[in-house]
Amino acid sequence: MRQASLLFLVRRLVQVVPVVLAIAAVNFFLLRMAPGDVADILAGQMGHATLEFTQQLRREFGLDQPVYMQFFYYIGKLLTLDLGRSHLQQAPVIDLILDRLPATVILMLTSILIAIAVGIVLGVAAARREGRLADTLVSVTALVVYATPAFWLGLMLIVLFSIQLDLLPSGGMYQIGAGRTGLAHALDVAKHLVLPSVTLGLFYVAIYTRLMRASMLEVYGLEFITTARAKGLSETTIAWTHALRNALLPVVTLAGVQFGHLLGGSILVETVFAWPGLGRLVFDALLQRDLNLLLGILFVSSVVVVFANLAVDLIYGLLDPRIVHK
Amino acid sequence: MNGLALFWRRYRRNRGAVAGAATLALVVVAALVGPLLYPVDPFDMVGRPSQPPFGRFPLGTDVAGRDVLAGILNGARISLVIGILASLAATLLGVLVGAIAGYYGGRIDDMLMRVTEFFLTIPSFVLAVVVVAIFQPTVMTVTCAIAIVSWPSVARLARGEFIAQRDREYVKGCRAIGMPDWEIILLQIMPNALPPVIVVSSLMVATAILTESGLSFLGLGDPNLVSWGYMIGVARTVLRTAWWMAAIPGAMILVTVLAINLVGEGLNDALNPKLRRR
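As given, the protein sequences belong to chains A and B, one line each in that order. Add 18 to the 1-based position in the first sequence for this note's numbering, that's all there is to it. Add 433 to the 1-based position in the second sequence for this note's numbering, that's all there is to it.
These aren't lab readings, by the way, just hints derived from the structure by calculation. A few of these clues could be false.
Beta-carbon label-pair distances, calculated as ranges [stated by the list, open to error]: (1) B:Gly539 <-> A:Gly94: 31 to 41 Å; (2) A:Tyr334 <-> B:Leu529: 52 to 62 Å; (3) A:Arg30 <-> B:Val514: 37 to 47 Å; (4) B:Val462 <-> A:Leu205: 45 to 55 Å; (5) B:Gly539 <-> A:Leu25: 53 to 63 Å; (6) B:Val462 <-> A:Thr199: 22 to 32 Å.
Where is the CB? At the ideal position from N, CA and C, for every residue including glycine.
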């Protein structure tokens, strides 16, 4: 048993290697398609770098060599996390990214947890009242939320909760200059997190609700539910302990495949709420036409998603041992 | 009963889908004839900035005194054009990859599916942002960027359909009479594999419109054309004093995307009747 799990882990880790190499290849291709010399972009100065510096970069990245050698140099640099420099920010790209990554991770995790929790509750509730008013209401709401652009929803929530009702802050991660520490700081961050995470999470609430409802209805059709009913168990017990456990697996799978999508949504939502994460960095990079920073963000975020998927796979393997032995 | 009548009878049963089709028809008409009936240049400064709706201008003016209604009508064109083109391009590419992978199987299938999964893994919106930023934002580049990040789901679906069909009797018959592979793929299997693909690509128009609005909100839209996302981005700066300026284009996106999703579900009921009631 333990050996099988270890083998599964090793096999999944080995599968990550070609994917990371492919991400590097896409980055290299996009870098070559960008206007201007690769060294100019890497120097992040678009023609304003000192001659010695660009020359040094050309040597470092082997730009005087044939294309395939350049590719190997580039990959070597990426694998040591040397992503070049950002011009206006005057810092190595990797430092800028690592500086912003935690804020994005906090936002993404909060959103997905909200989405899963609310989605499960609503989905189960709708399935138990199939065809009745509550079910229809949940389904219609999910359909509308599904069609709402998240960044616009965020703006409308700001109008309602920050401007009209003055209940929640409209942007940022904490009150600047307040100098709070410890618990007070955490509470301040939590307060700033409410609107962005609800905005980002709502779309996934819609998805999980629909999925959970369908999954529950499917499980309700199975024989062991009939058995449970025949034993005289209450409908509440059947729903929350018998059916839910079996209906949960598709939800876990979906949470895994959606990290990439979530990260994309996070860019827009962070821009709306001035949340100091990767998304905000993308927006700044776009304003300053900082292509090297953008490519760095694409590389790092792709790698993060690959490893997040790996983590979900491993958790899934623990939840459902059949996967490991397949 | 002929095919079209049967199709309509099945489609009509889904009331949401009928409402969606009617709404979508309105948006399409607005996009087609709106700018002709209301010939105001959406970039022209026509009045005082930030006027509320229902005054001198039906939907008010934006921060630069431009007519919001003119922007909405012209923006409808951009949304629909990019949504439809991107979905078509993604469908073509996805069906091509999926058909080849599913029909031939084996190593070709393995290779193509690795590529497909790779594109499903990387954060699609980030990739779209980088592609548009590198190639400069135009209708063409935005469409291509959205198509590049959208084709994998079609490929997976088409592959499944082709795998289900490739060993059927009629395909074996075609091979036996020496029909070339391309003819079997395009003329024999394709018509059977297409219905679910049509449903997915109609839903993809909605996703493409959402992606386009996100890109142009970030400033990655064609600078010579007004789009709904761009209008929201502009209105953001005056959210405190003129919330309606951001609300109107966003509501248009919501209504259009919702209508397309409803139509997609109706198409699903009508084209894949066996899958109904799931």
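To see whether the hints hold, each was checked on the structure:
Range check, Gly539 (chain B) to Gly94 (chain A): Cβ separation about 34 Å, and the 31 to 41 Å hint holds. In this structure, Tyr334 (chain A) and Leu529 (chain B) break the distance hint of 52 to 62 Å, their C-beta atoms being roughly 32 Å apart. For the pair Arg30 (chain A) and Val514 (chain B), the supplied restraint of 37 to 47 Å holds, since their beta-carbon distance comes to about 42 Å. In this structure the hint that Val462 (chain B) and Leu205 (chain A) lie 45 to 55 Å apart at CB holds, the actual value being about 52 Å.
Checked against the hint of 53 to 63 Å, the pair Gly539 (chain B) and Leu25 (chain A) fails, with Cβ atoms roughly 25 Å apart. The hint said 22 to 32 Å for the Cβ distance between Val462 (chain B) and Thr199 (chain A), and at roughly 59 Å that hint is violated.
Violated hints for the displayed structure, listed by number in ascending order: 2, 5, 6.
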